[in-house]
Every structure is written in C-alpha cells, then in structure tokens.
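Chain residues, written in single-letter form:
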Amino acid sequence: MDVLMLSRLQFTATTIFHFFFVPLTLGLSVLVAIMETQYARTGNETYLKMTRFWGKLFLINFAVGIVTGITLEFQFGTNWSGYSAYVGDIFGSLLAIEATAAFFLESTLIGVWVFGWKKLSRRAHAVVMWLMAGASNLSAIWILTANGWMQQPVGYAIRNGRAELTDFAAVVFNTFSLLQILHVVPAALLLAAFFIMGISAYHLLRQQNVDFFTRSFRLGLVVGTIASIWVILEGDMHAKHVTKVQPAKLAAMESLWNTTSRAPVYMVAVPDEQNERNAVEIGAIPGLLSFLGHGDFSAEVKGLKEFPKSERPPVLLTFLSFRVMVTLGTYFAVMMVIGIFIRKRLMENPWYLKLMMLSIPLPFLAHTAGWVLAEVGRQPWIVYGLMKTADAVSPIAASQVAVSLVAFILVYGLLGAVGYYLIGKHARLGPEAVAE
Amino acid sequence: MLLESIWFFLWGLLWAVYFMTDGFDLGIGSLLPFLGKTEEDRRVMVNATGPLWDGNQVWLLSAGGVTFAAFPRVYAVMFSSLYSALMLILFALILRGVAFEFRGKVDGPGWRKLWDACIFIGSFAPALLFGVAFANIFQGIPIDQKGVYQGTLFTLLNPYGLIGGVLFVLLFLVHGALWLSAKTEGELQTRAASAAAKIWPVEVAVAVVFLATSFFTTRLYANYLANPLLFAVILLTVAALFGIRVFLAKKAFFKAWFASALTIVGATFYGVIGLFPNMFPSSMNPAWSLTAHNASSTQLTLKIMLVVVIIFVPIVLAYQAWAYNLFKTKVTLEDLAY
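Chains as they are written, first to last, in my numbering: chain A, 10 to 445; chain B, 1380 to 1717.
Simulated from the structure, these hints should not be mistaken for laboratory data. Be careful, since some hints might not be right.
[Unchecked claim] Here are the computed lysine to any residue pairs in the SDA-like style, where the Cα-Cα straight-line distance is at most 25 Å: (1) B/Lys1682 to A/Ala166; (2) B/Lys1492 to A/Ala411; (3) B/Lys1707 to A/His134; (4) B/Lys1525 to A/Val427; (5) B/Lys1682 to A/Ala133; (6) B/Lys1707 to A/Leu129; (7) A/Lys434 to B/Ala1572; (8) A/Lys353 to A/Ala133; (9) B/Lys1707 to A/Ala133; (10) B/Lys1492 to A/Leu423; (11) A/Lys127 to B/Leu1382; (12) A/Lys253 to A/Asn53; (13) B/Lys1492 to A/Arg168; (14) A/Lys128 to B/Tyr1703; (15) A/Lys434 to B/Ala1716; (16) B/Lys1492 to A/Tyr430; (17) A/Lys353 to A/Ile235; (18) B/Lys1629 to B/Ala1572; (19) B/Lys1682 to A/Val163; (20) B/Lys1492 to A/Gly433; (21) B/Lys1492 to A/Leu129; (22) A/Lys253 to A/Gly338; (23) B/Lys1634 to B/Ala1611.
I would like the entire structure built from these sequences, with the hints used as guidance.
So, in structure tokens, the structure goes:
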C-alpha cells in the first residue's frame, strides 16, 4: 500500500476510535451537570449519588477521548502536510481557537471537578461541571466548524498557491457547519441518554436501586426524546443543504445513477458501481427523494452519471452508511416515544428495559455511520471542490506510516478494551461501590 | 513583518509555557519508580500532579495549533519531517494520560504496576524526545528545497541532539522533584528534596556542555553576537538555575520550583532567540530554511489570531492560576482521587 492509502486508513481508524468516546463526553457532561444542579439546589443525597456514579463512568470515558484527540490535531501535520500548507491559513486558526478558547477550560476544570469536592462549595462545584460541559461542547462546535469548511469551503481566495482567508465571519457562520453542529451536538445528547437508560435498565431488571435508576432513566428519557426528534427534523434540513452544495454525495447516498425528476426512494437497493446501476431496486416510493432533497415531489435530482467517475464518492459505503444512520435514527425516536407512554410502568415492561439495555451500542454505530457518510461521501475531495485527498498527503516514507498504523491499531485496541471493560465493570457495580 | 515577528515569539512562549507546566508532570512520572517506594508513595506522587496535568497538556495542543494557524508551512514540514519522533511522543502521552485515570480503577498490584510502567515510559520518552527534537531544530534539519525530509528517525539521534534530550530530561526531573518536595510531607518529601539536590549538579554540568556545544554545532549565537544585550537572557537563566540550589538549601520548595520554572522558560527562549527568524532551518542549504517570514499565514489570519490570543491566553492563565492555587496544599492520604 502507498502512503496515501495508509494515511487514509490511519486517519479513519484514529478518528472513528476517537469519536466512540467524544459524543458520550459531550452528552454525559450535560446530563451529569443537570444531576449535580439538582443536588446543589435540593441537597438530596440521591442526586449526589447520581452525580458520583455517572460522573465516574464519564471520567473513564473522558480520559480515552482526551488522549486520542491529541493525535488527530497532529496528524494533519504528520500525514497531511500538503493539506496543512494549502489550507492552514483558514483551517489551522479554527483548531488553534478551539484549543485556546475551549479545550483549555475543559481540561483545567476536569481536574478541579475530580479533586475539588472538598475544596469548593456545593454550588461552585456544580458550576464547574456546567462550565466543563459548556467547554466540551464549545470545543466540538469549533471542530465541526473546521470540518464544515472542508465540506463547503467559504470565505477564501486562492492566492500565492494556497487558500487564503478573506472573510472570517463567513467561515465561522458557514451554513454547513451550523447544520452539522445542530445535528451532532443533540445526537451526542441522544447517545448519552441511551447510555444512561441502558445501564439503568440493566439495574431495574435486577430490581437494584430502583429509585436511583428510575430517576436516572427518566432524565435520559426526557432528554433523549427531545434530542431524537430534533435530530430527525434537523437531519432533513441538513440533507436538503447537501443536495444543494454536494450533489454527488446526495446521489451516492441514495445510489441514484441517472438524473431523475420525481426521483423515488427504494426500500431496498443494491448499488452496482461497475455497471453504473443498481443490481436490485425494490419498493419504490415515487417522488420521495425529490421531496427529501428539494421539498418538492416532482423536482429533478442529479444522478451520479452527471459527475465524471474520478469525482464520484465510493457509492456502496456512502449508501450503506446513510441507510444505517437513518434506520437507527428512526428506531431511536420510536423507542423514546414508547418510553414516554410506559414511563410509569417501566418495571412491568421488562421487554422494553431489555431492549434498551441491548441498544446501548446502537447510537455509537449511528454516529460512526454519520461520519462515514460525511467524510467518505465527500471523496475524492478533502476540501469539497477545492483540493483532492490524493494531493494532500505528506511526502513521507510509506514504511513509517505502516508502522504507526499498526501501532495505533494495537494501542487503541488495548485502550478501547480496557476502557470499556472499566466502564462495564463500574456500571455493573452500581452506585454503592462509588467510594467516598 | 512585525506581525510575523510577534507571532514567532508567541510561538516560542507557548512552547516555553508547555515545558514549564507539563515539565513537572513529566518529571514526576519519570521519578515514579525511583522515589515511589511504597504504593502509598506512588499514589501520593500521581495525585500531586493529578488535578493539573490535563490542563498543562493543553499548552502542547495550543503550541501545535498556533504553529498550524500562524505558520502552516512550518507545521506541515516540521511535523511530517519529525514523523516517527512525534508519533513516539504521542503514543507516550496517550499511555500516560489513560494510566493516570486507569491505575486506581481496579484493585490489584499487577494492574497498578502495569499502569505505573506506562506513566514512567509515557513521561520519560516525551521529555527525552522533545529535547532531541528541539536540539535538532537548533542545529538544522536535512530538508530539501520542497521541505521534504532527507533523513530517518536515527538522523535525529546525533550527539548534539542527544545532549539536548538529556538536558530536557534533567530539567524536568529537577522540576518534578521540586514540585513533589513542595507538595508532600515526611519521608517522600525528604527523598524528593534529596533527589533534586543530587540531580541539580548534573543538570548544571549538562547545561554547560549544551551551551558550549551549541557554539560549535549551531548558529544560535549569531543573534546574540549581533546584539550583545540579548546575553542577559542567558545570564538570567543561569541565575535562575543557581537560584534553585539556593532555595533548595533553605527548604523553600515552592520558590525553588519557581526558579526551576524560570530556568525552563529561559532555556526555551535561549533557543528561540537564537533561531529567530528561522523556525525550521535546513541543514542542507540555509536558503531552504522555513522562517517566520516565508512560512506564515496571511496578515488577516495573524491579526485575527492575535486578537484571540490576547483575549484568551490571559483568561486561561487566570483560571489556571486559580486552579494551581486551589491545589497548593500538601497532598494527604485523605483526599486522593486517582
């Protein structure tokens, strides 16, 4: 394999791994902050116990998220020096702002939160948690702004052989970034809600700490219901914007080969990239794709054949990741709505609790699918329409990257195993085991 | 021209603050197997940096981010040229970070031993490699006209690079031992203080060797000779270095730590001033060097980033100072969190 392929694999592996941990940090920080606020306001010990128990799981997850994030910032330099030199004027400043304006606060306060129980008042300690949660999410917002620029580059001019910043406000208020922020941040809350509800369901099924876990479950249910419905509605807006600015991605998402008016969505389709067609198309819903893309059942949707082969994303992966994301997103909303209806009779519905417990990994899968769609669907471009991924890679020896890729797989594999083992262990132990 | 120069020194400052803050974390981690005789000692050591190391580490990300934002070509060429060294640093820091969090989560001596080993490697390796990398930057890196690196990881392991690595390790060991002396009590404190006193003369000796070798293998002194007033920076650094010994003898450990912090900042600026305006000098041809002027971002980006830095860095310093102050008391067995 060449440097390009190895670097792509390495970036894929390290990003996906990193993003197993990030959304839980983003969402759970807010939920723990809510619990701690309840405690600060009421002095009710159950809320303190909740803060401590969920806080402990949060911290284990946080540690892995933090350390794997460092690698990502530096990889732009190590593996994608062509990219860094070409767009650093814009992209670099967003990363630098993220570190200075958000990540510092998050990382300084995490230490204060963990070690400051006896040094700060109840109220001040809760404020620290809110600032932490705010800073984590602000961090994510800057990173998504940077990614949004790769999806839809704005506010630049090509001068001196590189992309130079001309309009900072346009970069910060980029529509694509805003849509991504409004999608990913609530989706992180949704993931955290499932995490809390799933673990609570495990204990409720065993009749352990029923009051504690019912309260936890309900908090997850409220937040999760709002988030799951929001993510679907916002996702629709997002798709319409993609139709406008990344038509090749949209065509690949639905595996639409020919430009079609009244374009349908097929319940089942099997893309056949070689022959530029779908091997199987079953269950057409006429006009639905036109409606989803343009808000009009008879609108024309561009097909893949409009684009030269060298400018099409890998169809199968884009198509599948979109399907997985949408199917799971629908499932999440359905589960939440069912939960709302049976919220007072949870203990009488063990099937639901069991299903919720088994569903813990699904939002992680949905997040990953969403990112595969966003990033693979943008190919062959690293910056859409501006720079190809192949032109972005560093002039380094493939052997170096091969070694680091293997090392990442080994080290991250180990970290992931240990991290999830510890989360699982402490989740099963329950609130009693959280030492004072 | 002016903006680029301001950014050059801000870039140096961020690295200096990183070494000053995370330096003692790396030092304590490297001292863990030697000073931590019992499990209690080791827990106290880890908790002595516990509330602070994460915030300290962000100075590294900030230094990296600012290199990317203000000098994208330097970022691109430097990080791809130093690929393997940088990857080793990253893996080490990853292990160190999770080890802090993981070591206390399962109760078993084998489990803790494993993560203590990770803390040691994860602290010692970055200390050494940062020194090797910066010394090599001081003397020049074999990059060609296009900024493509013409060497391997082993090219960096030359005598001058290794002296730089050893110097960094020693700076951080003393820095960490002093922090421990200030933060602990009893036998561990005695051991830490005596370690600082024993390592200090070696630190001085290697610093002298480094300063002397720099004269022959680098062009760092050119700026100093052109403007002799700059020698004051070196003198101040040496004064701070001796200040460590004075305060240590008086058992004024926090003051000794401050002197050590000043030494580290001074040592970083010794190199940064000598480099100016070079940021990544080519040893193959000086004309191929990356400088603050030929590798910077646009004036617009530099201006925006300057505003960001002027607003946020003082805020960051303020809340980090608050956090340091909150945790200035001795680490006791009652309030261990790791």
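> Which hint numbers does the structure go against, in order from smallest to largest?
Replying inline: 2, 4, 5, 7, 8, 11, 12, 13 and 21
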